[in-house]
Amino acid sequence: ELKVEQNPLFLSMQEGKNYTIYCNYSTTSDRLYWYRQDPGKSLESLFVLLSNGAVKQEGRLMASLDTKARLSTLHITAAVHDLSATYFCAVDWDAGNMLTFGGGTRLMVKP
Amino acid sequence: KAGVTQTPRYLIKTRGQQVTLSCSPISGHRSVSWYQQTPGQGLQFLFEYFSETQRNKGNFPGRFSGRQFSNSRSEMNVSTLELGDSALYLCASSLVEGSGYTFGSGTRLTVV
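Just so you know, the protein sequences line up as chains E and H, in that order.
Going letter by letter, the first sequence gives residues 977 to 1087 in the working numbering.
Going letter by letter, the second sequence gives residues 27 to 138 in the working numbering.
Worth flagging that the hints you see were computed from the coordinates, not collected in a lab.
Predicted, not measured: the structure shown is a model, and the values here were computed from it.
Think of the CB as a built atom: it goes at the ideal place given N, C-alpha and C, for glycine as much as any other residue.
Hints are supplied without guarantee of correctness; some may be wrong.
[Unchecked claim] Pairs of lysine-lysine residues, derived as DSS-like cross-links and limited to a Cα-Cα distance of at most 27 Å, are as follows:
no. : chain 1 : residue 1 : chain 2 : residue 2
1   : E       : 993       : H       : 39
2   : H       : 39        : E       : 979
3   : E       : 1086      : E       : 1044
4   : H       : 39        : E       : 1017
[Stated by the list, open to error] Partial chain E-side listing against chain H, Cβ under 7 Å, derived:
no. : residue
5   : 995
6   : 1007
7   : 1015
8   : 1019
9   : 1021
10  : 1022
[To be verified] Some chain E residues well away from chain H (every beta-carbon gap over 10 Å; in silico):
no. : residue
11  : 986
12  : 994
13  : 1003
14  : 1018
15  : 1042
16  : 1057
17  : 1066
18  : 1073
Could you put together the complete structure from these sequences and hints?
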């Protein structure tokens, strides 16, 4: 059974600071996704990482994938309040389209 | 382009009733998958359909079922509703494996 673990589960940070969210998964996969969810809303796709060593950046967020370590990171640079949300990583494995999600990281950025 | 459309957005049902949720994928996307999100269990995979065939099913009781039509629209049905079925149900569509998933706005089901 595939397990996906995120840490931390909750992150409170000051504006302007940097931080990293970690996503570990338990089986071989080279397809990893990051999503953002605002309260009461659906999932917004942030990054699609499809190979070992993949690195993608959008604004203050950068995601990377190390398939050998079974680890993805989401790095936040100079956080701003608008980044406050819950972030999920998800791994796609086996035949067919089925995602296994991590438990989510609730990020609060304080002014 | 139009995104993934889920209807209805909100539903309130009574225990023991059944409910049908609908999902229209992005035009050209043939894969539709369903997820349940609850505060306690997080996001869990329900099932996935491709070209009207169920390819994968998550660990949910038989009360949860689904189908996909020839136009790729999908429905999921929950029979004999229980209080624990209260959740946000999300549908996602995908073009091909590995191309990413686009989620709909979800249907929030409340069972009373």
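- Query: Going back to the hint list, which numbers does this structure go against?
  - Reply: Violated hints (numbers, rising): 1, 2, 3, 5, 7, 10, 14, 17 and 18; every other hint is consistent with the structure.
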